[in-house]
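Asks: Below are the chains, spelled out letter by letter.
2 protein chains.
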Amino acid sequence: MPSNIKVGIVGYGNLGRGVEKAIKQNSDIELVAVFSRRQPSDVAAASGVVHISEVEKYKGEIDVMILCGGSATDLPEQGPELAALFNTVDSFDTHAKIPEYFERVNAAAEKGGNVSVISTGWDPGLFSLNRLLGEAILPEGKEYTFWGKGVSQGHSDAIRRVPGVKNGVQYTIPVESAVERVRGGENPELTTKEKHLRECYVVAEEGADLKRIENEIKEMPNYFADYETTVHFISEDELKQNHSAMPHGGTVLRSGVTGENSTQIIEFGLKLDSNPEFTASVLVAYARAAYKLSKAGQSGAKTVFDIPFGLLSPKSPEQLRKELL
Amino acid sequence: MPSNIKVGIVGYGNLGRGVEKAIKQNSDIELVAVFSRRQPSDVAAASGVVHISEVEKYKGEIDVMILCGGSATDLPEQGPELAALFNTVDSFDTHAKIPEYFERVNAAAEKGGNVSVISTGWDPGLFSLNRLLGEAILPEGKEYTFWGKGVSQGHSDAIRRVPGVKNGVQYTIPVESAVERVRGGENPELTTKEKHLRECYVVAEEGADLKRIENEIKEMPNYFADYETTVHFISEDELKQNHSAMPHGGTVLRSGVTGENSTQIIEFGLKLDSNPEFTASVLVAYARAAYKLSKAGQSGAKTVFDIPFGLLSPKSPEQLRKELL
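Residue numbers (our numbering), protein chains in the order written: chain A, 1 to 325; chain Z, 1001 to 1325.
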């Protein structure tokens, strides 16, 4: 019986709570503590909560730290800091800054002799893996990523900044006819806006001018102006009841040609009731991989591209070959 | 400019011809020779053809041998023999015999200091990867593999063994309503026969009793008896014209639950105009990985579970992180 992998959670928002739940589904992984910037007594976690300032004391006691902070301000700081002390896994998702983040985490992890898996989850993460796979197997072809149906945090925030808006949620929805054209092997040229619709559920302040709000949303550059956007005004109660879940998903398609003219289509799709819980489940599987890589003597930053799938499983290579190949 | 990866093809049937075509789509890979048991002058390959008995002379000249023989008799012999001399890639697909085959190829490859990627393609191969991924990320869940629509060689052979049958092709077709139940998160219990239909196109000999042939096919144990099977009698011309392509495909679904009760669905699907050309394209991408692993000093047998996706691409890790993560 191999000993358990001991993990810590850094940050206890939606993602951190998702990791706590995911760990319960994996008997080889054990949660040692949740680390938070808040006063531990204020954090309602089922597990022991420790102030982040105490984290260094856990060196040697925790095999992998699962970083659940945000990409805007938390991870750029915590990622390198904690990579110097522990094996880490994170879901850094600011695509344009990944190369720079990789270098900084890599330097810290190498210095500390730790393994740090950065930018995992589903996009970046599983979707990235499928983009790479499609391109490597079907070099003559086109790649299409569709997102949704799901809540976009950035677009929901943008709605809430419009004067007169009390609350709001935005769903990104793939254009089904565009998906079908790709599945049919047409290989169309499609911009992001031809692939997605935007649907907004808005709670207005009492007495606000609804027509003005709708226009301000629909004409907002970058966020909505180029998209087919619909705006529904609803009550705060309705928003709470029907729009507080965090579903998401999407599809990565590769449409390629081989030989004379054979159309070959690879499709990877996710349909998620809970975006943070799914991302959390991916983080936990990659925490297992980080642990195994570290035990094998490796160090430095890694991405999903560097990690064989076999390391994600608690099963032995023999068992995997027998049961799953 | 890195030098090209020099490969050889062993066996020149549908798969070998597919590999020859796939290599043309990959500028970093160069075909040195096709090896065949037939007289080289009888083999109509675009490339140089060499008798298999000469293969040893190519040691040092070929980086990776792509083995395109069958799993029944060719690969059990050629796999270990060639793994002792070259890095190899194959598509050994007798699921039940994979562990034994792995051990024999592994011993030969380790002795020869070579890397041998066994059992790649799409099933075993990409489908296996997705079965592993689904299980590792969503441990509380169920896995479903649907095959088709596609030609099953084994079932087509079975039809052709029925007295009075001149020729025939069998399509395996997924039951769309079963696929939709899984996509809907129902987590149904489904046997293979509840997931698939069998459609047969049969050319009968002149004067044969069609009713008897249809019954013999439909009642054939293991192959057809438990399935909803349809039999269409057609002319030899019609068979040649409409049923000589080799389409295939299928879907691997993982339906799992996280947290309190969030349904999470992962789906991977293929829709292939040409089954052998697609398998060939997978083999070529894994040949690149075998080459890189060998250059990195590794040896022994590997499966898709052991190989990071990054090695499948001609791009550098930096480029992959920048462009595809």
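Check the hints yourself; a few may be wrong.
Said to hold, decoys possible - Taking lysine-lysine and the DSS-like style, the derived pairs with C-alpha atoms no more than 30 Å apart in a straight line are: (1) Z:Lys1149 x Z:Lys1111; (2) A:Lys322 x Z:Lys1111; (3) Z:Lys1021 x A:Lys142; (4) Z:Lys1024 x A:Lys193; (5) Z:Lys1315 x A:Lys142; (6) Z:Lys1024 x A:Lys295; (7) A:Lys292 x Z:Lys1292; (8) Z:Lys1322 x Z:Lys1024; (9) Z:Lys1149 x A:Lys322; (10) Z:Lys1193 x Z:Lys1024; (11) Z:Lys1024 x A:Lys315; (12) Z:Lys1097 x A:Lys142.
Please keep in mind that the hints were generated in silico from the structure rather than gathered at the bench.
Asks: Now tell me, hint by hint, if it's right for this structure.
Replies: Hints and how they fare:
Taking the CA atoms of lysine 1149 of chain Z and lysine 1111 of chain Z, the gap is near 42 Å; set against the 30 Å cutoff, the hint is violated. A C-alpha spacing of about 24 Å is found between lysine 322 of chain A and lysine 1111 of chain Z, which places the hinted pair at or below 30 Å, so the restraint holds. Straight-line distance between C-alpha atoms of lysine 1021 of chain Z and lysine 142 of chain A comes to about 19 Å, which keeps the hinted pair within the 30 Å bound. Of the supplied pair hints, the one linking lysine 1024 of chain Z and lysine 193 of chain A is violated, its CA atoms being roughly 35 Å apart against a limit of 30 Å.
Note on lysine 1315 of chain Z and lysine 142 of chain A: the hinted pairing holds, with a Cα-Cα distance of about 17 Å set against a maximum of 30 Å. Between lysine 1024 of chain Z and lysine 295 of chain A, the direct Cα distance comes to roughly 41 Å. Violation of the 30 Å bound is thereby established for this hinted pair. Under the criterion of a C-alpha separation no larger than 30 Å, the hint pairing lysine 292 of chain A with lysine 1292 of chain Z is consistent with the structure, at around 22 Å. At most 30 Å may separate the alpha-carbon atoms for a hinted pair to count; lysine 1322 of chain Z and lysine 1024 of chain Z meet this at roughly 26 Å.
With a CA separation close to 26 Å, the supplied pair lysine 1149 of chain Z and lysine 322 of chain A stays within the 30 Å bound. A hinted pair counts as satisfied when its Cα atoms are at most 30 Å apart, and lysine 1193 of chain Z with lysine 1024 of chain Z does not qualify at roughly 40 Å. A distance of roughly 38 Å separates the Cα atoms of lysine 1024 of chain Z and lysine 315 of chain A; the hinted pair therefore is violated under the 30 Å criterion. The straight-line distance between the Cα atoms of lysine 1097 of chain Z and lysine 142 of chain A is roughly 37 Å, outside the 30 Å bound, and the hint therefore fails.
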